[in-house]
Each structure stands twice: as C-alpha cells, then as structure tokens.
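Here is how the chains run, residue by residue.
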Amino acid sequence: MSEIYFTKEHEWVKVSGTSAVCGISDHAAHELGDITFVELPAVGKQVKQFEVLAAIESVKAASDIYAPVSGKVVKVNSELEDAPEKVNESAEEAAWMVELELADAGELAALMTKVQYDEYLKSL
Amino acid sequence: MSDATTALFATPLNIQHRALGALMAPFGGWDMPIQYEGIIAEHRWCREQAALFDICHMGEFQFKGDIVAAGLEDLFTFSITAIPVGRSKYGFLLNEQGGIIDDLIVFRMAEDEVMIVVNAATAPNDCKVIQSRLKGGQFTDITAATAKLDLQGPKSREVLVDLLGGWVAEIPYFKFVQQTVLGVPAIVSRTGYTGELGYEIFLPADKVGELWEKLLADERVKPAGLGARDVLRLEVGYSLYGSDIDEATTPLEADLAAFVKLDKQFVGKEALLKQQEQPLKRVKVAFKVTSRRTPRHGFGIFDGEKQIGEVTSGVFSPMLGCGIGLGYVEPGYAPLGTSLTIKQDRAAMEAEVCTVPFFTEGSVRG
Numbered sequence: 001m002s003e004i005y006f007t008k009e010h011e012w013v014k015v016s017g018t019s020a021v022c023g024i025s026d027h028a029a030h031e032l033g034d035i036t037f038v039e040l041p042a043v044g045k046q047v048k049q050f051e052v053l054a055a056i057e058s059v060k061a062a063s064d065i066y067a068p069v070s071g072k073v074v075k076v077n078s079e080l081e082d083a084p085e086k087v088n089e090s091a092e093e094a095a096w097m098v099e100l101e102l103a104d105a106g107e108l109a110a111l112m113t114k115v116q117y118d119e120y121l122k123s124l
Numbered sequence: 001m002s003d004a005t006t007a008l009f010a011t012p013l014n015i016q017h018r019a020l021g022a023l024m025a026p027f028g029g030w031d032m033p034i035q036y037e038g039i040i041a042e043h044r045w046c047r048e049q050a051a052l053f054d055i056c057h058m059g060e061f062q063f064k065g066d067i068v069a070a071g072l073e074d075l076f077t078f079s080i081t082a083i084p085v086g087r088s089k090y091g092f093l094l095n096e097q098g099g100i101i102d103d104l105i106v107f108r109m110a111e112d113e114v115m116i117v118v119n120a121a122t123a124p125n126d127c128k129v130i131q132s133r134l135k136g137g138q139f140t141d142i143t144a145a146t147a148k149l150d151l152q153g154p155k156s157r158e159v160l161v162d163l164l165g166g167w168v169a170e171i172p173y174f175k176f177v178q179q180t181v182l183g184v185p186a187i188v189s190r191t192g193y194t195g196e197l198g199y200e201i202f203l204p205a206d207k208v209g210e211l212w213e214k215l216l217a218d219e220r221v222k223p224a225g226l227g228a229r230d231v232l233r234l235e236v237g238y239s240l241y242g243s244d245i246d247e248a249t250t251p252l253e254a255d256l257a258a259f260v261k262l263d264k265q266f267v268g269k270e271a272l273l274k275q276q277e278q279p280l281k282r283v284k285v286a287f288k289v290t291s292r293r294t295p296r297h298g299f300g301i302f303d304g305e306k307q308i309g310e311v312t313s314g315v316f317s318p319m320l321g322c323g324i325g326l327g328y329v330e331p332g333y334a335p336l337g338t339s340l341t342i343k344q345d346r347a348a349m350e351a352e353v354c355t356v357p358f359f360t361e362g363s364v365r366g
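So the sequence lines, in the order shown, correspond to chains A and B.
When the letters of the first sequence are read in order and numbered with my numbering, they come out as residues 1 to 124.
When the letters of the second sequence are read in order and numbered with my numbering, they come out as residues 1 to 366.
Bear in mind the hints are in silico, worked out from the structure with no lab data behind them.
Do not take every clue at face value.
[What the hints assert, rightly or not] Heads up, simulated BS3-like pairs for lysine-lysine below, C-alpha to C-alpha not over 25 Å straight-line:
#1 B:LYS343 - A:LYS45
#2 A:LYS60 - B:LYS128
#3 B:LYS64 - A:LYS86
#4 A:LYS60 - B:LYS343
#5 B:LYS281 - B:LYS343
#6 B:LYS261 - B:LYS135
#7 B:LYS261 - B:LYS281
#8 B:LYS64 - B:LYS135
#9 A:LYS114 - A:LYS8
One chain only, chain A, in its complex shape (with noise of 0.2 Å):
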C-alpha cells in the first residue's frame, strides 16, 4: 500500500517502503502545455529534498523538478527522454520520472497529503 505526498512546486512522491516513486502533478502538467522535454538525472545520483532533480520544457516554459524527498537515485522512467508527451497523457501514473531511495521519512511530514494539495489548488 502505497502513499501519495505532493510539494508546493508541484511535485509528487508515492512512497512504499523505503521506494519513492517521483514525477509531476496532473495540474502541473495541464498548466505546462504540451511536453516537448525531460531530462532525467543519473541512476545513482544522491538528492537532498527539494533540490533540482530533472528538468522539463513544453512548448511555453522550461521548469526544474525538484526532489520531494531525499535519497539516492535507483531507477528513472527513460521512456520520457523519446515520448515526453506521456507525461500530458497520465503525469500522476504512466509517467512517473524518477524512482529514489528514500533516506528518511521524517521528510514526508513537509509535504502535502492529495486532500491537502487540492486544497492548496484552490487556493492558487
């Protein structure tokens, strides 16, 4: 059973164990136009939260993404790298980005529950 956390930027992280699946929010992904671009960061790569972790561009911005949570860097969706359009298709499943492995989950408590990011959406 997996738990879903978002960030103020956007971000979300579904945590299972000490595997923090990462990628953008549905709204972040309506708001960004089409996906033209991701970068993905190395397999191996240790982020601290809310550090850069990848970039993205879409035909209006280009964004940094930034790490919910801290840990190393296991696993990245590298289809997105070819098919960057995915993430316009299904930003909260299909088209996860970057799998981490969680250092502490102390972390999660500053973050965002889905009730409290659709909060926070309307309140934006």
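Based on these hints, arrange chain B on the given structure of chain A.
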C-alpha cells in the same frame, strides 16, 4: 495588470474564442487566442488538414491615387509599380538608418490602388510614417473595418471550394482575387506563412463572424491560435517582427536582402549601401538543436565560454523532432554547419547552423 487588460483591443471574434475555451493573452496590443486544444495538436491539424486563424489584429491601409506621383513607389524596399494587378509582394518599410520599421505585404488592387497589410503592434506608427512620407493620393487606415481570416493547410482549398465556389481552385500561388463572399466584397489571397497550401481572406468586419462559423462547421477545419502559428512560421524560417527583426536591425543583417531592391529609390537605401561597404557586425542565422531542448528568445549563443550572439526565436519543432531557432551571431559563426552552444541558466544545448526552411515537405505549392 487590469489597466493593461482594459486597454487591449479585441477582434470581432473575441466572444467566439472565449466560447471555444481559448487561452487568451495580449499580443501586439490585442487580446488574442494563444491556443484552443493545444499548440502541438493545432500545429499538426494545420500540417494535415486545415487550420483557421483569426488575424483581425493585423493592420490594413488603403491607398488610392498615382503611386509614383504620390511617392508611394519610393516608400518600400520593393517596387509597387512592378507588381501586376492581382498579385502581392513582401518587403520592408525602413527608417533613415536602414532599420526595419515593419515588414509588410502590398496587394496591388488596381493600377491606382493598393492595400498594405502590416503587423498589429506597429500599425499605428506605420500609419504615421507612411502618411508623413506621402506627397499625395488618398491614404486610409482601414484596420477597424477590415477583418482577416487565414485558412492554412493541405485541405484548405477543398474546404473553400465547397463553401465559396470553384473559383477558389483557380487562384495561383501568391495571387489574389476580389470576389463576393457571403454577399459582401472580399479578397481571397493564396498566401500564407505555414509552408502549407493556404489562403488569407479579407472581408468587412461585420461579416467575419458568419464566415468563421461556416468554416468551423466543416469537420476538416479547426481553430488554431498564435502559439501554433509561431511554430508553423518558424518551421518555414520566417522572421517575426519584434522578435527577429526591429528598428535596430537592417534587412542585410537579417539575411533578408532578397526583399530589397537596391536599384530603386527608398528611405534607408543610402544607409544600406554604406553598410554593404563594410563587413557586417552581426548576421541572422538559423540553427537546429541536437536534442529536444527548446532555444528561446534571449538565450545566449556561445563559442565555448565566449558569447557570440543571441537567440531571437526558438521553438520545439514537432516536424523535425528537435529545437530550432533564429538568432544573431558574429559573421564568422554564420557558415552552414558551424557548431553553436546555446545557454541560459541551467539549460544548455548544442546546435548547428543550417538553411531555412527547416521544414520543406509542406503543401504550399500543391
């Protein structure tokens, strides 16, 4: 913000765009649709079917009188008297320094009548400049009364033939006809900026809503916004006024000398002749990025760590599957195949100088 919004002009189709759920934004002082369904979907529709653009924001001027005696012949970088009636021509209005005040198209309506089509943001100033240089004739700004719809794409001809009549099929590339459309006088011109077969239609502003609805009722037609238009025009390598060319840029620097006739008189000619005597300090180039990254207006162009230029237009090209752009560099970096590095903040990409059009498979001459 609210002040800027209230000061925007609206085209006669503003309500229609909003009803279609378009994302609206200011462009050249007008409240314009940027996208409806999505930029890439609209771009593809134009390349495969027929895309409909509201271009009512562009400026139109009418001149009636003796073209030579009134000095109109000496206003632009090309000869108007050399344009046969029923044809149009692209070129520039320059300042004394040879800088581009605007790029425009002149339609030769009759021996003694032309219509001048100019960019939206520059239209008020163009109007003043042209009037101040004319020595006679009747010059009228007909922007408000004139609507413009563009239908671009391989299916555009069959759509217009079905709606308006078989005469549309007889219009050759870069010619136009004056015809009655929906009971009112209109101009249908086989011109465009997408690299596809396409038409530009001018008609009275109070009839444009009806034509818009009738065209959209055809399942081969979908509306497209300025976002798709920017990708389409850049894929065929056309410069955008205000981004790629401006008053501080001459047609020689912009690699647009083909639209300048130096054997005729025009304001700015002396400056261009002088500029020709010396090597240019910067020149416009086209380039392809070696990845899917997008170069954007204002990004620096580098040779290693040394900045040698700046990007003026850039998009991701769905047809080429890579970033493409235009920019200005020192002339030593202009030869075809030259490697360039493009950087802004964390984004860095490699590119190579190439020819335009980037996309050459369009249906434009079909």
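We went through each hint and held it up to the structure:
| no. | hint | verdict |
| --- | --- | --- |
| 1 | B:LYS343 - A:LYS45 | 24 Å, holds |
| 2 | A:LYS60 - B:LYS128 | 35 Å, violated |
| 3 | B:LYS64 - A:LYS86 | 55 Å, violated |
| 4 | A:LYS60 - B:LYS343 | 17 Å, holds |
| 5 | B:LYS281 - B:LYS343 | 21 Å, holds |
| 6 | B:LYS261 - B:LYS135 | 22 Å, holds |
| 7 | B:LYS261 - B:LYS281 | 22 Å, holds |
| 8 | B:LYS64 - B:LYS135 | 12 Å, holds |
| 9 | A:LYS114 - A:LYS8 | 12 Å, holds |
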